[in-house]
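Asker: Please work from the sequences and hints to get the whole structure.
There are 2 protein chains.
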Amino acid sequence: MDVYQSAPDAYDFPLTIKQLLNRSKVAARHQEIIYSNKKRFTYEQFFKRINQLANVLATLNLSVGDIVAVMDWDSHRYLEAYFAVPMSELILQTVNIRLSPDKVLFTINHAQPKVLLLNSEFASLVKDYQFDNSSIEHILWLDDNGVSYESVFGDQNRRVIGEYEALVTAAEDEFDFPDFDENTIATTFYTSGTTGDPKGVFFSHRQLVLHSLAEAASLGMLPSKQGVSYGDVYMPLTPMFHVHAWGFPFTATMAGLKQVYPGRYAPDALVDLIVTEKVSITHCVPTILQMLIKEVSNRGQKFNGLKMIIGGSRLTEGLAKAALDCGIEVYTGYGMSETAPLISLTDFSINEPKMSEAEDISRRCLTGKPVLLVEAQIWSEVNQLLPTGKDHAGELVLRAPWLTQSYLKNPDASRKLWRDGYLHTEDIAYLREDGYINITDRLKDVIKSGGEWISSLEIETILSLHPAVADVAVIGVPDKQWGERPLALVVLKSDCQNTIGDDIKAIAEQAVSRGLIPKYGIPSEFKFVKELPKTSVGKHDKKVMRERFA
Amino acid sequence: MDVYQSAPDAYDFPLTIKQLLNRSKVAARHQEIIYSNKKRFTYEQFFKRINQLANVLATLNLSVGDIVAVMDWDSHRYLEAYFAVPMSELILQTVNIRLSPDKVLFTINHAQPKVLLLNSEFASLVKDYQFDNSSIEHILWLDDNGVSYESVFGDQNRRVIGEYEALVTAAEDEFDFPDFDENTIATTFYTSGTTGDPKGVFFSHRQLVLHSLAEAASLGMLPSKQGVSYGDVYMPLTPMFHVHAWGFPFTATMAGLKQVYPGRYAPDALVDLIVTEKVSITHCVPTILQMLIKEVSNRGQKFNGLKMIIGGSRLTEGLAKAALDCGIEVYTGYGMSETAPLISLTDFSINEPKMSEAEDISRRCLTGKPVLLVEAQIWSEVNQLLPTGKDHAGELVLRAPWLTQSYLKNPDASRKLWRDGYLHTEDIAYLREDGYINITDRLKDVIKSGGEWISSLEIETILSLHPAVADVAVIGVPDKQWGERPLALVVLKSDCQNTIGDDIKAIAEQAVSRGLIPKYGIPSEFKFVKELPKTSVGKHDKKVMRERFA
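First to last, the protein sequences are chains A and B. So the first sequence is numbered by the numbering used here: it starts at 1 and just counts up by one. So the second sequence is numbered by the numbering used here: it starts at 1 and just counts up by one.
Each hint should be verified, as a subset may be incorrect.
Identical copies go unnamed one by one, so any copy, or any two together, can satisfy a pair.
[Unchecked claim] Below, simulated SDA-like cross-link-like pairs (lysine to any residue); rule was C-alpha separation at most 20 Å, straight line: (1) Lys409 - Gln5; (2) Lys114 - Val3; (3) Lys416 - Asn145; (4) Lys225 - Phe348.
The hints are simulated quantities; they were obtained by calculation from the structure and are not laboratory data. Computed from a predicted model, the values in this text were never measured in an experiment.
Answerer: Shown next, in the form of structure tokens:
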């Protein structure tokens with residue numbers, strides 16, 4: 001006899017997304033959720049709207065595990081989909097609408113969603129999409145501008161089941177969400193990655209619940225001045241298609257915080273919302289931070305201690321200082337699409353030694369200390385565990401309960417990601433004696449511009465198609481506004497020495513117009529060189545290039 | 001093909017207790033752990049000591065699931081056992097050494113531990129124990145006073161494998177803890193409950209990890225003034241045998257806080273430790289709080305914002321005010337042995353409306369709002385979900401990821417605990433519109449004296465043995481110092497009307513001397529009545545008695 005047998009009626013609590021609502025259903029019923037300047041309602045109504053959206057989805061004859069894709073700005077609708085879709089045992093695909101149209105369609109074709117929630121403003125991204133040959137059976141039309149789907153889709157509109165708000169409002173507001181296996185997949189999205197096609201990552205209910213708890217705990221235990229406390233007002237400034245906006249919409253809902261969803265990121269509207277709604281905590285890439293500083297400075301104002309976690313690109317000390325001067329309590333979080341994303345955070349304590357302004361700024365720009373449950377190690381090239389200290393840089397490898405377990409339908413990349421039981425970040429770092437992770441080298445070749453990743457390989461491939469080009473390398477060089485911008489290093493063929501930068505640029509612009517690369521993928525500068533530095537095995541030596549041209 | 005298949009080398013992260021150490025192993029290596037005024041060492045040494053204790057246990061030829069019982073004051077040794085025992089796939093039994101010797105032995109005989117970690121100060125509790133007929137094969141001797149086990153055990157000492165510190169120090173300080181199923185049982189202990197024999201509850205690794213995360217998040221998101229922040233110094237003042245000292249030793253270790261373990265609770269030593277080590281957060285029952293206020297007031301001093309969560313008995317408004325006046329940031333947590341224990345906490349916010357002192361004190365004494373993931377409902381007697389509001393009191397029923405799934409080897413009590421998929425607390429409460437739980441009636445019959453539970457039924461059984469007693473009921477009546485004290489209501493036989501209170505008391509004292517009940521189980525007062533109020537089915541109506549005699 002197993003003496004530890006459960007009572008017949010005991011509840012074996014699964015870590016599913018619906019459980020995130022338990023506390024808020026009792027403690028946050030009158031708390032508010034706000035969409036831009038367009039809509040505001042209470043959590044109590046929010047819970048009903050989740051039920052209503054589930055009832056809309058239930059009419060579509062979907063099967064367990066079917067994918068519901070969303071193309072929207074950061075909105076209350078997106079938040080409702082974060083809950084209603086996975087709670088209905090469906091999978092939410094958050095489509096990165098900043099990719100080139102080409103890539104957007106690639107991610108849809110690869111994931112094979114049955115339903116698409118489409119904001120009218122992104123209709124152009126899919127205007128040439130062959131819906132008849134696609135997996136998409138139903139479209140929910142999301143619109144804030146009075147654009148009708150008939151006007152956009154013409155005779156394709158039989159797929160559109162209606163406008164989101166009309167459908168939701170008309171639906172029954174009760175829904176009995178079933179319990180199911182916590183390892184059921186809840187979300188999927190694509191990372192543009194370093195090379196080639198975007199790669200799909202995915203997360204289970206269990207992973208997202210654990211991420212939410214660890215995020216709440218890790219940010220919660222920071223002093224109230226920097227961390228999350230009950231009473232905070234949350235607004236995302238990392239898009240909701242990017243790694244679930246750092247998982248924060250789940251965490252904030254679980255905690256019952258007032259939440260503000262800003263729609264499209266326009267600097268003046270963002271600052272208005274922050275001021276009016278008393279937003280107290282957010283997260284973004286350095287480019288958005290710069291935008292906010294500029295906007296609020298133009299107004300001759302400051303922020304009032306707005307807490308802001310910077311991720312996606314390195315926070316420079318100059319920018320950190322500017323942010324602090326501007327009333328923003330800025331610091332760093334580290335993570336990647338593959339890690340759901342939270343891995344480390346700047347450390348603050350209610351009991352820390354006095355430090356100079358320079359020391360304070362410096363620690364805010366480091367990669368931070370690992371958050372709860374995260375096992376962070378540094379490995380040598382031969383997979384040996386390295387000790388702490390500056391002299392022991394190696395690859396940062398990770399274990400945590402919320403890491404993608406593979407890339408969707410991509411066994412080769414998956415085997416490269418997970419080796420010897422650890423997720424390999426391809427980031428070079430060392431561990432400081434005090435527990436800080438310090439990333440010294442970026443992911444090999446990727447260029448991060450305004451928080452978006454540009455694959456150098458991809459741009460190189462396009463430029464190399466120009467008849468005058470003998471060899472080409474694209475590297476990221478530091479840029480005040482965008483973090484990094486691509487620089488193209490071009491070796492011209494001997495009979496084409498009269499070619500100028502604009503000639504080469506033209507082929508990149510052509511690629512943009514054909515939707516092959518995003519506009520920000522066009523190199524900002526073209527340099528002509530006699531030859532490119534090579535490694536011992538004859539590959540481009542980008543490390544040397546970066547050192548020479550940074 | 002399952003497109004969401006894990007990569008061959010992906011790590012399926014189990015929620016086991018060893019994972020609680022991940023962050024601290026990187027970020028808290030130089031943090032301190034302190035035992036009273038006797039010992040201090042760093043987390044780095046603590047990790048080694050866990051390994052050393054595991055190596056000691058590994059020599060004992062134990063099997064997976066064997067039980068290691070601990071009888072100790074709150075010590076670094078206890079903390080080491082919290083980790084090394086379950087991490088070795090053994091089960092930690094935390095023996096409640098405040099029970100009567102009789103009950104202590106009952107819990108040992110019932111759980112059947114193979115190993116006992118025995119503090120010399122508790123040797124008398126087991127001095128008459130028939131070790132030869134028991135499950136205990138090995139004893140580790142814990143001693144701070146130079147008492148040798150030979151002097152206590154005589155010829156029984158062949159079971160004693162040595163003194164803890166000597167054994168640990170001599171052992172290898174490396175140990176490779178294996179991964180295993182997160183549903184493996186990690187701990188067990190006994191609740192003295194309302195009626196009859198103590199009941200065993202038990203918790204899995206997964207449950208304790210989730211409790212730690214939710215506790216860190218729920219306390220972390222309180223403002224730093226009340227909640228847990230990095231930089232806090234933690235000391236338990238709820239014994240470590242009582243529901244893992246609220247799970248706090250796990251949570252504090254996970255977060256890498258400085259920790260102080262006080263040994264035996266002596267008021268002067270406690271206040272000394274709080275002052276010297278700058279203890280900033282603790283938890284206890286009202287009786288301990290009173291003791292601390294008295295001690296610090298005698299010194300003409302105050303505490304410096306010491307954060308204190310009160311549980312186990314109701315915090316009265318008078319005591320809350322006295323604590324606040326004394327520099328203690330006091331508030332309420334609710335839970336029970338069956339719930340691991342955290343269920344609800346007083347709510348504080350960085351952004352709360354101004355309130356009067358009376359309002360502030362009042363909310364600190366309520367049962368609090370449910371913590372993250374906890375589903376709290378109020379049910380009617382016919383198991384119907386009740387709405388919020390004072391007029392809808394009913395039984396508080398619960399779901400959470402960390403509730404005991406049954407009582408050990410007690411199917412009847414287990415079936416009563418878990419009904420219709422919810423754990424039944426037997427506490428009568430209503431939910432306020434703002435999310436506060438308000439418990440209006442205590443657990444049916446139990447008397448809580450100084451944080452310890454006294455079973456009225458048990459005392460009644462003993463008193464009823466007196467030849468003059470016709471009927472007897474024992475109820476709790478409010479007591480300034482102890483929270484509650486037992487009052488015995490006695491109906492004398494018609495031919496024994498000359499019997500006085502002290503006659504009856506004598507039989508209770510006899511029961512104490514025979515170890516059947518604890519000393520504090522002796523009623524403080526004996527009242528003679530003509531008859532006892534009865535319910536419609538003829539049972540004692542204690543509700544009426546309490547109303548009449550409170």
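Asker: Are the hints correct? Go through all of them and say.
Answerer: Each hint, compared with the structure:
no., hint, result
1, Lys409 - Gln5, "between (39 Å within a copy, 9 Å between copies)"
2, Lys114 - Val3, "between (47 Å within a copy, 16 Å between copies)"
3, Lys416 - Asn145, "neither (45 Å within a copy, 58 Å between copies)"
4, Lys225 - Phe348, "both (9 Å within a copy, 15 Å between copies)"
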